[in-house]
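*Asks:* Got chain A; can you put chains B, C, D and E with the ligands on it based on the hints?
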Amino acid sequence: MSAPHTGQFCALLLRRQLLLAMRRPIEMGNPLLFFTMVIVLFPLGLGPAPDKLAIFAPGVLWITALLSNLLTSDAVFRSDFDDGSLEQLVLAPQPLFLSALAYILAHWLTTGLLLALVSPIFALMLNLPVSALGTLIVSLLLGTAVLSLLGGIGAALTVGLKRGGVLISLLILPLYLPVLIFGTAAVQAAVTGTPSGPYLAILGAMLSLAIALAPLAIAAGLRISIDA
Amino acid sequence: MSAPHTGQFCALLLRRQLLLAMRRPIEMGNPLLFFTMVIVLFPLGLGPAPDKLAIFAPGVLWITALLSNLLTSDAVFRSDFDDGSLEQLVLAPQPLFLSALAYILAHWLTTGLLLALVSPIFALMLNLPVSALGTLIVSLLLGTAVLSLLGGIGAALTVGLKRGGVLISLLILPLYLPVLIFGTAAVQAAVTGTPSGPYLAILGAMLSLAIALAPLAIAAGLRISIDA
Amino acid sequence: MSSSAAGAPLLAAQSLSLVRGGRELFCELSVEVHGGQLWQIEGSNGAGKTSLMRILCGLSRYGFEGEVLRSVTPLYLGHQPAVKALLSPRENLQWHVSGEGLYSNEQIDTALARVGLCGYEDVPSHTLSAGQHRRVNLARLFLSEARLWLLDEPFTAIDKQGVDETQALLASHVDGGGAVVMTSHQPLQVTCNVHTLNLVHGVVS
Amino acid sequence: MSSSAAGAPLLAAQSLSLVRGGRELFCELSVEVHGGQLWQIEGSNGAGKTSLMRILCGLSRYGFEGEVLRSVTPLYLGHQPAVKALLSPRENLQWHVSGEGLYSNEQIDTALARVGLCGYEDVPSHTLSAGQHRRVNLARLFLSEARLWLLDEPFTAIDKQGVDETQALLASHVDGGGAVVMTSHQPLQVTCNVHTLNLVHGVVS
Amino acid sequence: MWTFFHKLGSPPWLYAIAGAILRWLVPITLVALVGGMVWGLLLTSPDFRQGNSYRIIYIHVPAAVVALAGYYVMAIAGAISLIWRMKMADVVMKAAAPVGAALTFIALLTGAIWGKPTWGTWWVWDARITSMLILLFLYLGVVALYEAFDNKEAAGKACAVLSLVGMVNIPIIYKSVDWWYSLHQPASIKFSGESTIDPSMLYPLLLMIAAFYALFTCCLLMNMRAELLQRESRTQWVKKIAGKEGRR
Ligand code: HEM
Ligand SMILES: Nc1ncnc2c1ncn2[C@@H]1O[C@H](COP(=O)(O)OP(=O)(O)OP(=O)(O)O)[C@@H](O)[C@H]1O
Ligand SMILES: Nc1ncnc2c1ncn2[C@@H]1O[C@H](COP(=O)(O)OP(=O)(O)OP(=O)(O)O)[C@@H](O)[C@H]1O
Ligand SMILES: [Mg+2]
Ligand SMILES: [Mg+2]
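Protein chains in written order, with the numbering used here: chain A, 67 to 294; chain B, 67 to 294; chain C, 7 to 211; chain D, 7 to 211; chain E, 131 to 378.
This is chain A alone, in the form it adopts within the complex:
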């Protein structure tokens, strides 16, 4: 009956967000669907020669992951803003940046994690060598987490705007690019047989930095958006 501790509250928010995602199973299937879509579109649009596809597989997979993240980031706080829940969250006695972290974690679990787990299937469809699958999964796991955190910043800054819309993609796309570059580089390295460790290490470093700083930026952004 007493106010929950910070840890309890974050766990509660995480469960709530996951439950909400489960209530929209189609939304949950989103990354999978989007992956399928783009993987179908690419051979259709680019021509299906298998050798060409293999060259581009890392790039295509990573671009898809990035787009799918970009497109779902906008919704992280949107519905909570629209129905007034975000006001209540901002007023909660628990520290806002930790609550925000719970939201981002839920978003990552329902997009990035799922995406990384299903990526091997699509990688094989694009003729990516089996030896590179491990690196692909790890790079996606690390990279999409960074993307979710960065996307959260954009979402927090734009959620209150009546005339924002796709502003978020303009805000966060430049921030996404380094992740894309190191992510594809890691997979390319694995394909060509050179060590991909350094790239994964850089992604890991980016993730640590993002975990440390992004929640603060998100919390600040949410407070500003609620106010405006």
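Be careful, since some hints might not be right.
[As the list claims (entries may be wrong)] With a straight-line Cα cutoff of 16 Å, these simulated EDC-like cross-link-like pairs (lysine to aspartate or glutamate) come out:
#1 E:217 x D:71
#2 A:228 x E:277
#3 D:166 x C:48
#4 A:228 x E:280
#5 A:228 x B:149
Derived by calculation from the structure, the hints in this document are not laboratory data.
*Replies:* Then chains B, C, D and E with the ligands, alone, in the frame of chain A:
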């Protein structure tokens, strides 16, 4: 003071939708922005070699156009549903399928048309030969109009769903694929110097068919969504 | 204008029955609305007032039994105000999706002034307060030429003075031969006769 | 519980001034809210009630002058009900984002029963009627342990009986040493003393 | 120190001091710009490989250099606004963004125009060019975010958060893009290092760079004054200024 004629009413709706788009200038810049974004992603993800880029330029440009259409289609009726305007539109004495056509036209003017007009810049950035620009523009003009009409059907069917979300992409993606195939084929033909006329003719035929049938489907979809 | 209750009804519902979520909301409900009548639908939260209104105006077409006959195009104001946040009040009325009428600037200014939005004609509607936002919607009543009004809780978020003025408008509409069917949780204080339809007891009086 | 007005105030606003859209809404407004007091903020639509409430609870932090001191964490219910359409009423209370408390199933059932949602505990909230939807939010009042309540038009869409019950709850909260600051366009009928703050005349009485 | 900080936070003082600086900076900028143009465009000899087209360097390089510096001005102002809650830092940030965006755009445009005769194509996906494009996005993001907010105080805070996040990212972006390019293909066209430029071309270039810095400062101060007037439009000091201007 008397109720406006059907034609007047459609013109009024068109102006209203365009005005709403102009109130969100960033949203209007959406296709441009999205184009830029994806066009930047591709060289970064796939590698910047100019000759490779040129091969993929038609596919990349068309996939971008398709994605940008897919992503904005969902919003055509969304805000009107949320604030109750759609109820009023359905109750209006004027025929609903013509009103729906006005909505779709406004959507096309603010996405497809804009996209076709700015595409040459991005085509040049991807090293598409100048001789293919004309075909690119015409194919985009025709194709995006078909996409907008098809997207409208998906939007009308899913607008009332509390847990719809990307369901729309699942519904309408299969319908999009023929447009993508003929669109890229037209541009590819222009690049290689073979006549692109037949492909454009097919796109034109698709457009005629879509204009004749899609509004009826959209109107039916809207009535169902309002009811549920 | 034929304000006699003897003529053809503007709206007639015949033995409507509705079950939602396993609960029977109303059963074999029949009602005739004639020009010159003001009907108030009563019932507690969840009694089925909104469901009935949507059936009467034709937005709900499936899932109920019975028949509704409408001899005129009604004006329906629902729970949602149908006011676009990005448009100003003036633009909202000028370009309204209901396809009702084309109004001149003076007519719109007069209507907005009568709902107390004088001075707010050209600000974006999302900067209005909750009550002002709903008043934009009420302004449609001052413009409308429809004979039949279906109003679902028109007084939500409106202040005391606004409620009084709207009630006066309803009474004058009814006196002019129009008809009003409305729901409200506040007791009505109008000069004309009020027919009530109580959904809990199924009583028409 | 110290219901004496002499102790430290739960909420103190000092010379608040606010200008919005070129209109001065209030100027040099000071008010102290003590335990055992019920404050009603009065004013017509657009007078600035919501703006004031948001400043008092700390959601607005820029754009006004003056200072607000809060000695307790308030419970704020705004225009938006903060009820998630996809969750059931029970889930809405169990996993509420306000971080107020962890409630047992019995507590939640009791609270839902008291707002008349018995039987609706486990349906998705978007199938509730407008009033029932808002009642889910009101159920938080029955659970809350916060001493200070800030309520912005809590009676919107609530039926007569619901309003009476909520008013009784407010009175008992105040009698128990709590404080309530609220806005409403309906006259209050409570057993306790009501302090009013009229925004139009700037009068505190 | 504190009093200085305090003064910086006072709009009328800032307005006055910016006016005073502008009074002598504007003429200097104009002289330097015109001087640099004349020197660079008329008094130097054509390049033996590129002919006259290289002369665009006198616009291209200064614009690129100052555009980069401009981002740091903006981001540092954002940091000050967030950390010390100084409203006037918001004003600096708001004023810097469009100027930086314009300079970046000029660098891109002149680069593209220059690329056609020298490289035979308008655009290549070179590391430097790509990172310049990203910088343009970062600037445009700040401008668009500011415009999207109705409440300008909130807009300032939001942009401060964004430009700070951008500042953390700028080194990462530059590193990654640089590194990305070198991996995929060797440079087919090398930029000439500054040391290899002939002094007769270098000195006018340096003058132009200095002139562009001055130009940036002028635009920044003018934007700031305009923004200050708009924000403080209902205060006494602005009304007094408006009254004076009106009487004139
Ligand atoms: C759109 C295309 C271009 C962009 C975005 C661009 C961007 C840049 C940037 C960011 C700099 C760095 C300034 C600094 O040192 O901090 C620069 C310098 C320079 N650019 Fe470009 N550039 C473009 C095209 C060209 C072309 C076509 C040429 C000539 C062939 C060229 C020649 C130079 C030279 C000579 C410098 C001098 C400074 C140095 O060598 O470091 N640029 N450009
Ligand atoms: N975002 C905004 N930008 C500019 N002005 C605003 C904004 N929000 C509200 N206002 C103005 O502030 C005034 C007060 O609004 P507020 O919402 O506080 O009124 P209120 O007293 O709560 O009214 P109601 O009874 O209708 O809820 C209104 O005149 C409104 O136009
Ligand atoms: N989409 C739906 N699916 C299932 N049941 C629904 C749906 N919408 C409403 N109901 C149920 O129908 C009943 C009547 O709802 P309705 O909205 O008509 O009530 P109301 O009389 O308008 O109440 P209020 O005074 O709160 O507006 C409620 O019990 C509600 O649970
Ligand atoms: Mg209802
Ligand atoms: Mg209010």
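*Asks:* Does each hint hold? Answer for all of them.
*Replies:* Hint-by-hint comparison with the structure:
no.: 1; hint: E:217 x D:71; verdict: holds (15 Å)
no.: 2; hint: A:228 x E:277; verdict: holds (12 Å)
no.: 3; hint: D:166 x C:48; verdict: holds (11 Å)
no.: 4; hint: A:228 x E:280; verdict: holds (9 Å)
no.: 5; hint: A:228 x B:149; verdict: holds (13 Å)
Checked against the numbered hints given earlier, this structure breaks none of them.
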